[in-house]
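Enquirer: Keeping their order, the protein sequence lines are chains A and B. Add 25 to a position in the first sequence, counting from 1, and you land on the number used in this note's numbering. Add 148 to a position in the second sequence, counting from 1, and you land on the number used in this note's numbering.
Just so you know, the hints here were simulated from the structure itself, not pulled from any lab data. You may find that some hints are simply not true.
In silico SDA-like links for lysine to any residue, alpha-carbon gap of 20 Å or less [to be verified]:
hint, chain 1, residue 1, chain 2, residue 2
1, B, Lys279, A, Ser221
2, B, Lys255, A, Pro37
3, B, Lys250, A, Pro236
4, B, Lys223, A, Glu213
5, B, Lys256, A, Lys262
6, B, Lys302, A, Pro232
7, B, Lys252, A, Glu213
8, B, Lys252, A, Ala141
9, B, Lys302, B, Arg214
10, B, Lys223, A, Val211
11, B, Lys326, B, Glu300
12, B, Lys250, A, Met216
13, B, Lys279, A, Phe227
14, A, Lys128, B, Lys302
15, B, Lys279, A, Lys262
16, B, Lys250, A, Lys262
17, B, Lys279, A, Pro236
18, B, Lys279, A, Ile207
19, B, Lys252, A, Pro236
20, B, Lys223, B, Glu265
21, B, Lys223, A, Lys262
22, B, Lys223, A, Ile243
23, B, Lys252, A, Ile207
24, B, Lys252, A, Met216
25, B, Lys223, A, Phe226
26, B, Lys302, B, Asp274
27, B, Lys250, A, Ala141
28, B, Lys279, A, Leu223
29, B, Lys223, A, Met216
30, B, Lys279, A, Lys172
31, A, Lys172, A, Thr230
32, B, Lys433, A, Lys262
33, B, Lys302, A, Glu213
34, B, Lys250, A, Lys172
35, B, Lys252, A, Ser221
36, B, Lys250, A, Asp258
37, A, Lys128, B, Lys252
38, A, Lys262, A, Phe64
Here are the chains, one letter per residue:
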Amino acid sequence: MKRAQFSRPLFPYLLLVPQLSIIAVFFYWPAAEAIRGSFFLEDPFGFGSTFVGFDNYYDAVTGSEYLNTARFTLVFTALVAFFSLALALLLAVKADIVLRGAKTYRTLLMWVYAIAPPVAGLIGILLFDQSIGPITDLAGLFGYELKLGVNYWDTAFAMVLVSVWKQIPINFIFFLAGLQSIPRPVREAAMIDNPSGLSRFFTITFPLLAPTGFFLLIINITYALFDTFGILDILFKGEPANNPITLVYKVFLDGFRGNDLGGSSAQSVILMVLVLVLTVFQFRFMERRVHYN
Amino acid sequence: MAQVNIQSVNKVYANGFAAVKDVEVQIRDGEFVVLVGPSGCGKSTLLRMIAGLEDISSGEVAIGDRVVNDIDPAKRDIAMVFQNYALYPHMTVFDNMAYGLKNKGMKKGEIHTRITEAARMLQLDDHLTRKPRQLSGGQRQRVAMGRAIVREPKVFLFDEPLSNLDAKLRAHMRSELKELHRRLNATFVFVTHDQVEAMSLADRIVILNAGRIEQVGTPMELYHQPASLFVAEFIGSPAMNTVPLGTRLGGMLANTAGTLPAPAMTIGLRPEAILAGPAGGPGIKGHVAMAEALGAETVLHIEVPQGGTDTRLTTRVSGETRFTEGDELAITVDPSRVCWFDHEGRRIATEPATQPAPRKEPLPAE
């Protein structure tokens with residue numbers, strides 16, 4: 026690649042300043058603040074703090090509540106990532122073979138993407154409403170009394186459902202683009218080599234979609250871990266009680282409801298490390314196992 | 149091995165565009181047929197209809213004795229080589245070739261034998277464990293052919309397989325293809341827009357124009373007895389000189405060519421039907437506007453100043469010619485090699501004075 030040269034060596038850094046300052050203000054500073062805070066026990070009323078070393082981490086990791094939340098977060102993330110990827114892929118494969126009205130169809134599928142997470146949560150509340158929610162009614166038809174916010178697993182179900190629904194469009198867009206970048210002759214060659222459409226999908230289409238799929242997997246894991254906060258908050262109406270929560274929500278609860286700033290800082294640092302590991306894993310390990318053309 | 153029968157086949161797209169109109173061809177068993185024509189003439193569409201990648205709007209395609217209109221591409225007993233090779237990028241060369249065979253439920257040993265044999269024939273032995281991206285264009289092309297060969301299909305279909313290769317490699321692959329055809333003795337249907345490729349490969353050429361067949365015939369028939377002006381101008385390089393008789397040059401040429409069939413509107417002369425003689429000799433006066441020396445022969449572009457509106461003619465002379473740009477000369481016409489075309493551009497049948505050389509080997513029996 027040709028390298029552009031600037032006559033004054035400092036000029037390019039000057040161009041980077043706006044971007045870097047935004048990252049610094051909104052990420053590095055808070056992150057450093059969190060790391061610092063995680064080593065202190067903060068007085069809830071702001072009358073100073075005490076250095077406690079790794080006690081906050083120790084308390085967080087050994088608490089049974091934390092482990093339960095972690096376990097639920099794992100299940101929640103796996104379910105959300107799996108279903109939003111699988112359903113989006115199914116929709117993309119179907120949309121890919123639509124010839125007439127393809128644009129309308131695609132636009133309709135992508136619409137949901139424009140909905141903000143809290144709004145998605147509100148729609149979820151409407152769907153699961155005790156008296157008028159259609160999903161509650163549907164469950165009622167099968168003789169099951171669905172109670173959002175009361176039964177642990179009912180809430181979990183609603184959380185997964187709304188999160189998956191919200192995430193499908195972006196996965197769909199990427200999968201569709203991935204499908205359309207598979208050269209047509211390759212698919213046609215496969216049609217001549219293999220009469221079974223399903224087998225063709227798993228032996229040709231799916232491996233060629235692997236780069237897209239892998240990228241989306243990482244995106245979806247981070248989505249389920251972090252970005253579902255807004256949806257959950259609305260579904261619980263801010264009062265989770267004994268409903269299932271994710272680790273991120275626990276950070277918020279402990280810090281801002283429980284006023285345990287040190288403990289919640291420690292928890293967020295743990296999450297930060299988790300994301301770091303995930304990213305390293307993405308770039309170092311799995312990219313090599315994926316077939317790029 | 150099988151013949152391919154194409155009967156009044158039409159292709160009309162959803163938007164009403166008719167890509168293939170009423171095409172009728174019988175391709176014989178073991179024949180090498182080339183479909184040729186300018187881009188957009190429907191040749192690829194026709195091939196894809198034989199392959200089953202494109203629906204047949206009306207008409208019938210039969211491979212062997214079986215009408216295949218509604219048969220899945222994988223079950224038509226055909227193999228296709230694509231222009232961009234269409235190899236599976238995530239599979240090794242071996243797996244690329246084995247894929248179709250595995251899906252037929254063939255035994256591992258048999259697959260192995262077939263691939264080893266094909267790889268040897270195509271000199272791919274050393275590359276079987278490589279991925280397509282590690283191969284050169286020519287090697288990829290060979291893998292694509294290998295993938296077709298191991299299937300041992302009744303019909304091989306080629307969709308412009310050589311057009312992505314550079315000129316030298318293309319000439320080489322052309323002779324390899326010809327050799328392959330002789331060795332496999334299978335039916336080949338080959339699509340190209342390149343008339344040189346068509347002429348050098350085909351037993352018979354099907355020349356298409358705007359979805360219709362213009363002419364079906366051996367390369368020599370097409371060259372010497374083109375059915376229409378379109379064929380005359382498409383086949384042969386440099387192209388045939390076609391001059392309307394209404395122009396002054398047309399009249400002059402017709403006078404030298406002898407008997408004029410009644411409805412003729414255009415005279416057609418292959419470059420070699422125009423003979424260049426020294427200035428002052430009998431014939432039409434002109435001068436050399438440009439001389440293209442190609443080595444063995446030289447193509448002369450002759451300007452005839454008295455010709456009226458249409459004044460350019462091309463002729464080919466021996467490479468040792470003394471004529472250079474600017475030289476005066478006199479041209480005459482070989483009367484036995486003249487083609488006449490009527491007002492619709494169709495050739496008027498005259499005594500076939502130019503008998504195409506008889507084929508050394510007779511065409512395979514139907």
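Enquirer: If a hint holds in the structure, say so; if it doesn't, say that too.
Expert: Hint-by-hint comparison with the structure:
Restraint check for lysine 279 of chain B and serine 221 of chain A: not satisfied, since their Cα atoms lie roughly 24 Å apart, outside the 20 Å limit. For the proposed pair lysine 255 of chain B and proline 37 of chain A, the alpha carbon gap of about 63 Å is over 20 Å, so the pair is violated. Distance restraint check for lysine 250 of chain B and proline 236 of chain A: the Cα-Cα separation of roughly 26 Å exceeds the 20 Å cut-off, and the hinted pair is therefore not satisfied. Using a Cα cut-off of 20 Å, the hinted pair lysine 223 of chain B and glutamate 213 of chain A holds, with the two alpha carbons roughly 14 Å apart.
Pair hint lysine 256 of chain B plus lysine 262 of chain A does not hold up; C-alpha atoms about 62 Å apart against a cutoff of 20 Å. Of the pairs offered as hints, the one joining lysine 302 of chain B and proline 232 of chain A is violated, with about 30 Å between alpha carbons and a cut-off of 20 Å exceeded. A distance of roughly 17 Å separates the Cα atoms of lysine 252 of chain B and glutamate 213 of chain A; the hinted pair therefore holds under the 20 Å criterion. Proposed proximity of lysine 252 of chain B and alanine 141 of chain A is contradicted: the alpha carbons are some 50 Å apart, above 20 Å.
The hinted pair formed by lysine 302 of chain B and arginine 214 of chain B meets the criterion: a straight-line CA distance of about 12 Å does not exceed 20 Å. Annotation: proposed proximity of lysine 223 of chain B to valine 211 of chain A holds, straight-line Cα distance about 18 Å (limit 20 Å). For the hint pairing lysine 326 of chain B with glutamate 300 of chain B, the CA-to-CA distance comes to about 17 Å; that is within 20 Å, so the pair holds. At roughly 14 Å between alpha-carbon atoms, lysine 250 of chain B and methionine 216 of chain A fall within 20 Å of each other, so this suggested pair holds.
For the hint linking lysine 279 of chain B to phenylalanine 227 of chain A, the alpha-carbon distance of about 19 Å falls within 20 Å, and the restraint holds. At roughly 41 Å between alpha-carbon atoms, lysine 128 of chain A and lysine 302 of chain B are farther apart than 20 Å, so this suggested pair is violated. Under the criterion of a C-alpha separation no larger than 20 Å, the hint pairing lysine 279 of chain B with lysine 262 of chain A is inconsistent with the structure, at around 55 Å. Between lysine 250 of chain B and lysine 262 of chain A the CA atoms are separated by roughly 56 Å; this puts the pair beyond 20 Å, and the hint is violated.
For the suggested pair lysine 279 of chain B and proline 236 of chain A, the alpha carbons sit about 17 Å apart, so the restraint of at most 20 Å is met. Between lysine 279 of chain B and isoleucine 207 of chain A the alpha-carbon distance is near 17 Å, which keeps this suggested pair within the 20 Å criterion. A distance of roughly 29 Å separates the Cα atoms of lysine 252 of chain B and proline 236 of chain A; the hinted pair therefore is violated under the 20 Å criterion. For the given pair, lysine 223 of chain B sits about 24 Å from glutamate 265 of chain B by alpha-carbon distance, which is inconsistent with the 20 Å threshold.
For a cut-off of 20 Å, the pair hint linking lysine 223 of chain B to lysine 262 of chain A is broken: about 59 Å separates their Cα positions. Proximity of lysine 223 of chain B to isoleucine 243 of chain A is assessed by CA-CA distance (about 40 Å); at most 20 Å being required, the pair is judged violated. A distance of roughly 24 Å separates the Cα atoms of lysine 252 of chain B and isoleucine 207 of chain A; the hinted pair therefore is violated under the 20 Å criterion. Between lysine 252 of chain B and methionine 216 of chain A the CA atoms are separated by roughly 13 Å; this keeps the pair inside 20 Å, and the hint holds.
Proposed proximity of lysine 223 of chain B and phenylalanine 226 of chain A is supported: the alpha carbons are some 18 Å apart, at most 20 Å. Taken as a hint, the lysine 302 of chain B and aspartate 274 of chain B pair is broken in the structure, with Cα atoms around 28 Å apart against an allowance of 20 Å. The straight-line distance between the Cα atoms of lysine 250 of chain B and alanine 141 of chain A is roughly 48 Å, outside the 20 Å bound, and the hint therefore fails. For the given pair, lysine 279 of chain B sits about 24 Å from leucine 223 of chain A by alpha-carbon distance, which is inconsistent with the 20 Å threshold.
Only pairs whose Cα atoms come within 20 Å are accepted, and lysine 223 of chain B paired with methionine 216 of chain A is accepted, the gap being roughly 10 Å. For the hint linking lysine 279 of chain B to lysine 172 of chain A, the alpha-carbon distance of about 55 Å lies beyond 20 Å, and the restraint is violated. Restraint check: the Cα-Cα separation between lysine 172 of chain A and threonine 230 of chain A comes to about 41 Å, which exceeds 20 Å; the hinted pair is violated. For the suggested pair lysine 433 of chain B and lysine 262 of chain A, the alpha carbons sit about 100 Å apart, so the restraint of at most 20 Å is broken.
Simply put, lysine 302 of chain B and glutamate 213 of chain A have alpha-carbon atoms about 19 Å apart, close enough for the 20 Å limit, and the pair holds. Simply put, lysine 250 of chain B and lysine 172 of chain A have alpha-carbon atoms about 52 Å apart, too far for the 20 Å limit, and the pair is violated. Among the hinted pairs, lysine 252 of chain B with serine 221 of chain A is consistent with the structure: their alpha-carbon atoms are about 11 Å apart, no more than 20 Å. For the proposed pair lysine 250 of chain B and aspartate 258 of chain A, the alpha carbon gap of about 53 Å is over 20 Å, so the pair is violated.
Proximity of lysine 128 of chain A to lysine 252 of chain B is assessed by CA-CA distance (about 37 Å); at most 20 Å being required, the pair is judged violated. For a cut-off of 20 Å, the pair hint linking lysine 262 of chain A to phenylalanine 64 of chain A is broken: about 32 Å separates their Cα positions.
In summary, the structure is inconsistent with hints 1, 2, 3, 5, 6, 8, 14, 15, 16, 19, 20, 21, 22, 23, 26, 27, 28, 30, 31, 32, 34, 36, 37, 38 from the numbered list given earlier, while agreeing with the others.
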